[in-house]
Amino acid sequence: MKKNLLYTLLAVILGIATGCKKDFLDRQPLSQIAPSTAFRSEAELRLYTQSFYDRMLPNADNDDKGFSLYNEGIDNIIKNSLPVELTGNRTIPVSGGGWNWSELRNVNYFIQNHRRGGLDPSITNKYLAVAKFFRAYFYYNMVARFGDVPWYGEVIGAGDSASLQKPRDPRTLVMDSVLADIDFAIANASTTKDNGADQITKWTALALKSRICLFEGTFRKYHTELNLPNANKFLEECVKASEELISRGGYTISKAGDQPYRDLFASYNANPNEVLLARQYSTALQIFHNVNYYTITPSYGKPGLEKKFVNSYLMKDGTRFTDKAGYATMQFAEETLNRDPRLAQTIRTPGYTRIGSTVKRFPDFGATVTGYQVTKYVTGEADDSFTKSYNPLVIFRYAEVLLNLAEAKAELGTLQQSDIDKTIRLTRDRVGMPNLNMAAANANPDPYLANQYKNVTGSNKGVILEIRRERRIELVMENFRWNDLMRWKEGKLLEDQFKGMYFPGPGKYDLDGDAKDDIWIYTGTKPTDPGYHYLKLGTDIDLENGVNGGNVVINKNITKKFDETKDYLYPIPSGEILLNPKLTQNPYWK
Amino acid sequence: MGNQQTNSSYPATEVMGNGQSNWLIDGNRAQFLSAPTPLSADLTWEKTTSTNIGIDLGLFRNRLLGSFDVYRRATKDMLNPGPTLAAVFGAASPQQNAADLLTKGFEISLTWQQTNKVAGKDLSWSIGGVLSDYTSEITRFNNPTFRLNDHYAGKQVGEIWGFITDGYFVSDEEASKWRQDKVAQSLVYRQIRGGSGEWNRLRAGDLKFQDLNGDSIINNGNNTLGDPGDMRIIGNSLPRYSFGITGSAAWNNFDLSFFFQGIGKQQWYPGNNADKFWGPYSRAYYSFTPNGFLDKIWSPENPNAYFPRLRSYEALNDGGTLRQPTDKYLQDLAYIRLKNLSIGYTIPLSLMKRLGFSNCRFYVTGENLFTLTKLETDYIDPEQAGAETNGRVYPFMKSYAFGLDLSF
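Chains G and U supply the protein sequences, listed in that same order. The first sequence begins at 1 in the working numbering and counts up by one. The second sequence begins at 591 in the working numbering and counts up by one.
In short, the hints are calculated from the structure, not lab data. Ideal Cβ positions, reconstructed from N, Cα and C, are used throughout, including at glycine. Do not take every clue at face value.
[Claimed, not checked] Using C-beta positions, here's what the derived DEER-type ranges look like:
1. G:Thr-559 <-> U:Glu-764: 17 to 27 angstroms
2. G:Thr-565 <-> U:Pro-734: 30 to 40 angstroms
3. G:Asn-269 <-> U:Tyr-969: 45 to 55 angstroms
4. G:Lys-492 <-> U:Trp-789: 27 to 37 angstroms
5. G:Lys-492 <-> U:Leu-802: 35 to 45 angstroms
6. U:Ile-615 <-> G:Ala-256: 39 to 49 angstroms
7. U:Ala-874 <-> G:Ala-256: 43 to 53 angstroms
[Said to hold, decoys possible] List time: in silico BS3-like cross-link candidates among lysine-lysine, alpha-carbon distance up to 27 angstroms:
8. U:Lys-772 <-> G:Lys-79
9. U:Lys-988 <-> G:Lys-560
10. G:Lys-561 <-> U:Lys-855
11. U:Lys-767 <-> G:Lys-560
12. U:Lys-711 <-> G:Lys-556
13. G:Lys-561 <-> U:Lys-886
14. U:Lys-666 <-> G:Lys-590
15. U:Lys-886 <-> G:Lys-556
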């Protein structure tokens, strides 16, 4: 009896055990896509490439990668505090500090596995192009920040100690791989112009190549201490990419609107003629940014343009403001007269009105430390609340490519007046500025700019200075300045005292030229007359020479420092060197 | 700590990531697929070995009942995030059977129960207590460089690393001279020195730190056991010496019972948003200021106050003086609380029968009637602070109930 029971039990157990189908224990979840069944349709490939955009392209405000679509600082936009990059107080972090590789893993996973579903390259290459665009973009940013970085073309396994313990690859090797990636993207990405400016196409890839190659070419040229080869190769690649985009892309410089430069950034739709890629926002989906609020409240550092930068805007007739007698002690209403119209479309100048309003507004020292209150990107008053802006923010636009081309040719020594006529003439034309004359610029280089960019030499010195002037003005607030100064090796510029408007001393001032005084800089007790914006000297506003006047000075108590031996690159986190001793620290960081 | 549960439905099967992004395509959020979270290929079950010695006793004609238990539990192959991988890996280290853990503890319970005659009636009463404690130590983890953000062999579970303070600066002069050239590089002073204007200097009343490794920079060094900078182990977040005391008595149809509960020691450093603790040191605009808070703030007239010179955001932001754990503001959550007290009266049987009930009892009970604690703030419940780093948990309510039980 007992034995029978045992046999029955055994039979039942065997039945259950053998009744299971093969792989019963390895069944895949039904509600999710398993890697083994992914990439079987073109739709899945497209869905995967859509994971790159939000995570890898810059955000509106600063994020951990240090990028930002409008919140630029450096020496373009001055705020009431200074980032550590300008005070020399960058420290070596234990982790983080921009050394973040999760996005590369996501891209490499696609590159490695996208053929798994068996689709033909004639279908998949279009999507592989997007992935390679983003890998190039990723590595370009890593190289710009850290110099030499390890190159990884595949996903690293948790147990792959050879990859995890790899030393940094030389910058030259990494940048050659970047070039190969971006060339693949150019050859294989969709050639259909994207009027929504929200997808990567061949044209975006050309724009990225133009940006990367100008960066690398000029970095190698000016950082002679690193003895990097092939500067000219990259400059030539920049020329090639820019020229292809210009001749075949079908993009133009937009002149839409009564203030076309302002309207390019303040419009609610990315201008498809000029903008190649933009981050879009939406009231319906409640996805906003904060640019209006940023420019008009006291709580975001009170951004304002720097004085030397404002001085670099030419007169409307193309002559230099800094050649005028007494330019240094000119007051606001006078200095803003007859300047490059982009000045009045970038900051509040006399007569400024908000879009959709006729009320004239003068600069608000409660919201700007220098007095040059920024208005670029600023839309109508309806969007003024905290994070209620929803105009698109540009990531790539045609004007940059034109400026890249002019600069690359100037640095190569191949620039002709005809090149300027098809590049800088167009950005100047938009706002009614006269063209740049190359021969005149080279015959008489601007001493004001030459005194800032001290490393520019050679027969094209004059025109290179003019191209840099144009670039800074045209692309202000678009987050180019840091990389520009790094590649030009002009970090020492960041040690200068930041300044604002000129005031001869305490007193009442008319800022908008309507013969009625608007602000009152006072000492002692506050006057009680109504109708003025009051600023107490030494508390609300600092002037260079106190009661004897001078330019507004900002953060005068903070020492600025840029150590050229080490500050062009960021440090590698110490915890990473601990995990991988073959990872060497950047020079002089300790 | 490691256990047999995981918070993923598919801890051993990779699945593609998916979701909706903030990137808009044609005005809609872009849907996406993304790389799967990497998993360890060889997950297996944890193994535990327990040894314990226990004694149960009944003495004095079972008036004293007691039990005593000492245990030692070794957990092998504990499921845990694996050793931190280099950032180039690009994902969090997968869960692995990465650690071994040794837990040692004990439990004691004692109860005395007895019946006496009081005024001719029986008084039966009892009182008892339980006490338990344990500590855990990591005995194996692959962390040869002893990085502090991972486990390491010999680590006590729950240890809190922090900086040692050295009082306040007595004068502006002392403060301005302190580690002059290096002070801006100190992790703990980064916020003050990064400010603008005249307030970006150390002042009298600012917190002073001990420069334990003598490099003039107050930071966490390499964040390893060998080079922890100026950090030391300042406490432990595991609850120690948990106890309960119960008692009951019944006499002449009256009955009474109570229950106390508490712990003997548990350390907690208030999180950066623990606004009920930090008040304006966390967010300046926080509208709630704890009662009597002003008297706890340093001023030249009150140089020995509990909190330093008032600076906003010092507890909130990285680089603030109060952001990292310090010995001075480390809290002890030790507490004792009367969880329950109830008193009742049952109507005598003879009376009930005449009224037609089989049972009738009046009672009053109270919950959480009082708490004694070493925690510095009255606005965070010590029993719950350990549960959320910012102490943002609803406190237990003090409640009273009056009742009548009737059975027919």
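Comparing the hints with the structure gives:
1. G:Thr-559 <-> U:Glu-764: 17 to 27 angstroms: holds (21 angstroms)
2. G:Thr-565 <-> U:Pro-734: 30 to 40 angstroms: Given range 30 to 40 angstroms: holds, Cβ gap about 33 angstroms.
3. G:Asn-269 <-> U:Tyr-969: 45 to 55 angstroms: holds (50 angstroms)
4. G:Lys-492 <-> U:Trp-789: 27 to 37 angstroms: holds (28 angstroms)
5. G:Lys-492 <-> U:Leu-802: 35 to 45 angstroms: Given range 35 to 45 angstroms: holds, Cβ gap about 37 angstroms.
6. U:Ile-615 <-> G:Ala-256: 39 to 49 angstroms: At roughly 23 angstroms between Cβ atoms, G:Ala-256 and U:Ile-615 fall outside 39 to 49 angstroms, so the hint is violated.
7. U:Ala-874 <-> G:Ala-256: 43 to 53 angstroms: Because 44 angstroms falls inside the window, the suggested range holds.
8. U:Lys-772 <-> G:Lys-79: OK: U:Lys-772 and G:Lys-79 at ~25 angstroms, within 27 angstroms.
9. U:Lys-988 <-> G:Lys-560: At roughly 57 angstroms apart (the allowed maximum being 27 angstroms), G:Lys-560 and U:Lys-988 break the hint.
10. G:Lys-561 <-> U:Lys-855: Outside the cut-off at roughly 48 angstroms; violated.
11. U:Lys-767 <-> G:Lys-560: holds (20 angstroms)
12. U:Lys-711 <-> G:Lys-556: Not OK: U:Lys-711 and G:Lys-556 at ~88 angstroms, beyond 27 angstroms, violated.
13. G:Lys-561 <-> U:Lys-886: Since the Cα atoms of G:Lys-561 and U:Lys-886 sit roughly 39 angstroms apart, the hinted pair is violated (cutoff 27 angstroms).
14. U:Lys-666 <-> G:Lys-590: violated (40 angstroms)
15. U:Lys-886 <-> G:Lys-556: This hinted pair is violated, its Cα atoms lying about 34 angstroms apart.
Violated hints, in rising order: 6, 9, 10, 12, 13, 14, 15; the structure is consistent with all others.
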